[in-house]
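Numbering of the sequence shown is given in this note's numbering, commencing with residue 87 and proceeding in unit increments.
Keep in mind the hints are simulated off the structure, nothing from the lab.
Quick caveat: nothing in here was measured; it's all calculated off a predicted structure.
Keep in mind that the hints are not guaranteed to be accurate.
What the hints assert, rightly or not - Below are the EDC-like pairs computed for lysine to aspartate or glutamate, each with C-alpha atoms no more than 16 Å apart in a straight line: (1) K840 <-> D398; (2) K589 <-> E490; (3) K840 <-> E821; (4) K589 <-> E546; (5) K471 <-> D496; (6) K735 <-> E779; (7) K589 <-> E494; (8) K259 <-> E396; (9) K589 <-> E698; (10) K327 <-> E243; (11) K840 <-> E790; (12) K327 <-> D304; (13) K589 <-> E497; (14) K589 <-> E617; (15) K585 <-> E497; (16) K735 <-> D925; (17) K259 <-> D398; (18) K735 <-> D674.
Stated by the list, open to error - Pairwise CB distance ranges (calculated): (19) V207 <-> D266: 31 to 37 Å; (20) D266 <-> P609: 23 to 29 Å; (21) D266 <-> D210: 49 to 55 Å; (22) A695 <-> T487: 54 to 60 Å; (23) D633 <-> A269: 34 to 40 Å; (24) S545 <-> D419: 26 to 32 Å; (25) R835 <-> E623: 39 to 45 Å.
Positions of the beta carbon are idealized from the N, C-alpha and C atoms, including for glycine.
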Amino acid sequence: MTDRPEHVTVVFAGLSQSWAEWITATLASAGCSTGMVRWDPVRRAPSAAAITDLLAERGRVLLVLDDWYLRFDSGRNEEWSTALRRAVTQGLGRIAAVSVTTRPLPEAAAIVAPVGLRGLVPDDARRRLLACVDLPAPASARVDLARSPRFPDDLPEIWNAPRRNRRFTGREKVLEQLHDAFAAGGDATTCVALHGPSGVGKTQVATEFVHRFAGEYDIVWYISAAVRATARESYAALAEKLGISTGDEVGRLIEAVRERLGSTGRRWLIVLDGAEEPEELEALVPDGRGHVLITTRRATWSQQGAELVELDPFRRAESIAFVCRRASRLSEDEADSLADALEDLPLLLDQMAAWLDTNPTASVSGYVANIRSGNPNDFGVLPSKEYPRGFQVAWAITLNTLRERSPEVDELLGLLAFFSPDVVPVRLLQSARAADLPPHLAELVAEPSSWNTALRTLSEATSMRLEYETGPRLDILTVGTLRMHRLFHRFVRSSMAHKERVKASAIACRVLVAADPRSPASPRNWARYAELIPHLEPSGALDSAEDDVRDLVLNCIEYLRTRGEYHDGWWLSRLAVERWRATSAPTDRRVLVAVHQQANMLRRLGRYAEAETVGREVLRTLEEDPSARTIEVLRAKDGLAGTLMALAKHGEATAFFEEAAQDATEALGESVPRTLAIRSNLAVSLGLQGRYEDSLALHRTLLESRSALLGNRDPLTLNSALHTAWMLRLLGRYEEALAIQDHNCRLHRQILDKNHTQTLLAEHNLALCSRRNGNLQFAQALMRNVRDRLISRRGQQHPETLIVSADFAMLLRQSGELDTARELAESTAKLYGAQLGRDHPYAIGTHANLAFVQGEVGEHRAALRTAEQALDAMGGAVGADHPWTVGCALNAAAARHRSGDTPGAIRMGREALDRAPRAVGEQHPLTINCRMSLAQDLHAAGETEEADTLRAEALDTLTSLLGEDHAHTRALREGVRPYWDFEPQPI
C-alpha cells in the first residue's frame, strides 16, 4: 500500500449514486482527493477511448459495478468487455473496481477483479474499499455518518418505501431534475410534483428516487395517496414511528406529525404517490427541513406551491434498453419495433416484454404486427375509445394466453380486479372463509406454495409488482400485497363478461365481510378498517343489497366517525344512502343508520343547514310510516333536535328533545343509556335558552343516574359532571363550579387521552372557572394551551376552536393584551358570521365582545355602533329576556357612556336592570353588574342619591355571593366598569 493518498476518479451509473457518494466520502475521510463521473449506459455506450481519456487524469480510476454491467457479453454491452480489457492493459494497475450487486458477475468482469461491498457491515466495507485502491485504513478514523452519506445498505431509521425495482431503466435526466429541485430548496420545505399521464412510470421513478437518494434522509415515508382516507391513515401512522402519542383522531395525529417534522433537525422525505386531489391532500404537506415528492396526473399541484417536473414516455434509447433488459431474447432492433408500436409507454413495454419473455417461441415480429394492425374483436375484446387499439390488442393477447395456460390464475386476476388497484390485499383472500371462495380457488389459497406460485405466475405474465411479508409461520415469506396499474385494472374489468363481473363482485364482497372485525370503536381494528375502505367501491360493496355487506359499510363509516374523519365519513355515508335507497325502502334499518350518520357527519363539519334538511326528511319519512320502529323515530328526533340546537332554533330543538325524552322513557325506560343521552341533550338545549336553573337540575339528575348505571369514571358520567360545573359557573356559583371542574378535569386526563375532545372541553371550562375565581394567570396559560392544541388538531375555523377563541380573546382583554384581544375577537366574530350567518347568536355575541374590546382601545364610535347592532340582533334572535340579550344591553350602555351619551346609557341601563332579574334572578352577577353599571351612569349625571343606593345594594349582594375579597367584588368597589362576556356554549 502507498503512504501517499492518490487522486481517485469514481465512475458509476446513476443507479449506484448512493454508493458512489459513500465511496467518495470514505476516500476523502482517508485523505484522498476524489472526483465523480456518472456514466449513463443508456445514453452512452462504453468505449476504450472513453476509458483511456479517464486514464489521462492523474491518479486512479475506480469502477462501481452494479446490475447494469452484468451483461458484458450481450448486445452493445459487449463493448464493455473489450474496452475494459484494453484499458486494464494500458492502465498498468490504475483501474480498480468494486461490485455493489448481489448477483454473480460475468466472467468478462473478472479482468478488473472487483471487490464486493454488498452484504457487509460499514467498517468491513470501508476496509475493503481502501485496500482496493491501496490506501491504508487509519487506525482511529471513522466515517462520521452525521456528516457523511449513510452507508447505502443502511436504510434511514424511519423507512417504509416499496422494494426497489431491479429492472428500473433510464430516467437519469428526470432523477437529476428531481434531485436538483430539492437541493435548490435549501433548508425550507420543498415540494415537487412529478406529473404525467397514466402509464409513464411515475410511481417507478418515485420509488427509484427514494432508494437512490435514501442516504440523504433520516426519515422516508411513502404514502399511497389515491384514496384520501387511506392516505391520511398512512400519514398518521408515522406518528408512532416518531414517538408521538396524541389520541385517537387521525386529524390530530396528522397535525402532530406536521409539527414534529416542522421542528425536527432530521432530514425527511414524504412521498405522496398518486395524489390527484391537491385540495384534499394539502394537509399532508408539512413545513420544515425536508422534501415532499408527489406523483400525479395533474399539474394543478403548482397552485399549492409545488414545483412541476413533467414525466414523458421513454425516450427510444430508454425503451430499447428497458425491453432488452426485461426480455433478453429480443435484439435491439426488435426492441425498437416493439417500442414504436407501444408508443414508448413504460407500462405497456413492461407488460408486453414480460409476455415475450414468458413465451420464448412466439414470433416477435408477428406479435408487433398484431399490435400495429390487429382488431381487438379478433382477440375477444370489444373495442373501446378509452385506449388506443394497439394497447387493447396487446392486453388481450396477454389475457388470452393466461386464460389458456393458467385458467385458475386468470380467474384470480378477474377477482383481484374487484379490489382497489393501488394495493390489492391478497392476504385478505388467504384469510377468507373457504365457503366464500370457489372450490378450486379455495384449494389454491389453502396451500401456501401453490398460492405463491400462482401469484408469481400472475406477476410474470402481467408485470404486476409483488410485495412480500412474513406469513403466519415466521419462517415463511408470503405475498402480502400486489400492485396493479389503474389502466390495466380498468381494462381487465371491462374485458370480463357481465356474468363474470357479477360473480367476481359477489366473491370480493364476501372476502371483505370475512375481514370485517365488526368492532370499529376498538383501536386494534383501525388499521384493518383503513385497509378495507379503498375496496368498498371497486368490489361493488356499496351497491350490494346483502345485509352483512351493508353492515361492513356501516362499520367503516363508524370507524371514520370514531377517528374524527368526518369529511370521508360524510362522503361514504352519502354514497351508501344514494345507492341503498335505489333498492331498499327509505325506512330500512340500515338505510336509516346511514342517513343518521350522514347528518351526524354534516353536523361535525359545521354544515348545519344541510344536516337539517337531511334530518327533517328522515323524520317526515318515519312519521308517515306506521310500521316505523320506535328507536328509529327517537334517533331521528334526537338528531334533528341537535342540528336545530346548533342553528340556534332553540325552542323547536327543546320541543323535539322533550318529546323524544318522553317517548324514550315510555318505550325504553327512564335509566337506560339511550334515554339518558336524549335527556342530556335536552339539558344542553335548556341552557342555550338561558334556563340555567332548569338545565342544572337536569344535569345533576343525569350525573346521579349515570354514576349509578355506569360508574363515576365512565366518559358519559364525566360529561354530566362537566356540564354540571358549566351551569354552576353560568349561575355565578363560581367556587362550587371550580371545585367540581378541578376534580372532573383530573379524571378526564386520567381516563381519556389528554387531547380527547371531551378532555379539552373540560380544561377549557376549568380555565373559565379559574378566571371567574380571579386566577387570571393560570386561566390564561391553560386556555392558551387548549386553544393551541385545538388549532393543531382541528384548525382555526373548527367550531370547537372558535368556542375557545371567543373566550380567550376576552381573557386577553382582561389581562391587558388589548391589541391581541381585539384582533382575535374580530377574527372570531367574522368566522362565526361566515359559518353560521350573521344572525346566529354566536356571531352576534362575538360581535358584542368585539364592541367591548373596541371601547377598551378607544374606538368609541365603532364600539357604540357594533354594540347597538349586536343588542338589536340578539333580541331578535333569542328574545329580550334572554341572558345574552341582557348582557348585550349592559355592554351597549357602557358604549354609550364612553361615547359621552350618559342619558342614553341611563335609559339603556334601566331597561337592562328591569329585564335581568327575569332572565337570571336578583342574586346573579349579571343582575348585580347591571345595577352597578346604572349606578355609575347616574352618578355621572349627578343623580347621586339613587346612584349610592344602587351601588350599596350591588356591593352588599355581591359580597354575600362571592365574598368581600373576591376579585369581582374588589373591582366593583374600586369603580371598575362592569361588563359582560359572551361565552359560546358547546353543542
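Hint by hint, here is what the structure shows:
1. K840 <-> D398: violated, 49 Å
2. K589 <-> E490: violated, 20 Å
3. K840 <-> E821: violated, 25 Å
4. K589 <-> E546: violated, 25 Å
5. K471 <-> D496: violated, 24 Å
6. K735 <-> E779: violated, 20 Å
7. K589 <-> E494: This hinted pair holds, its Cα atoms lying about 15 Å apart.
8. K259 <-> E396: holds, 11 Å
9. K589 <-> E698: Given that 16 Å is the threshold and the Cα spacing comes to 40 Å, the pair is violated.
10. K327 <-> E243: holds, 9 Å
11. K840 <-> E790: violated, 25 Å
12. K327 <-> D304: holds, 12 Å
13. K589 <-> E497: Since the Cα atoms of K589 and E497 sit roughly 11 Å apart, the hinted pair holds (cutoff 16 Å).
14. K589 <-> E617: Status violated; Cα separation ~23 Å.
15. K585 <-> E497: holds, 13 Å
16. K735 <-> D925: Status holds; Cα separation ~12 Å.
17. K259 <-> D398: holds, 11 Å
18. K735 <-> D674: violated, 29 Å
19. V207 <-> D266: 31 to 37 Å: holds, 33 Å
20. D266 <-> P609: 23 to 29 Å: violated, 43 Å
21. D266 <-> D210: 49 to 55 Å: violated, 34 Å
22. A695 <-> T487: 54 to 60 Å: holds, 57 Å
23. D633 <-> A269: 34 to 40 Å: At 57 Å between Cβs, range violated.
24. S545 <-> D419: 26 to 32 Å: Between S545 and D419, where Cβ atoms are some 28 Å apart, the hint holds.
25. R835 <-> E623: 39 to 45 Å: At 40 Å between Cβs, range holds.
The earlier numbered hints that this structure contradicts are 1, 2, 3, 4, 5, 6, 9, 11, 14, 18, 20, 21, 23.
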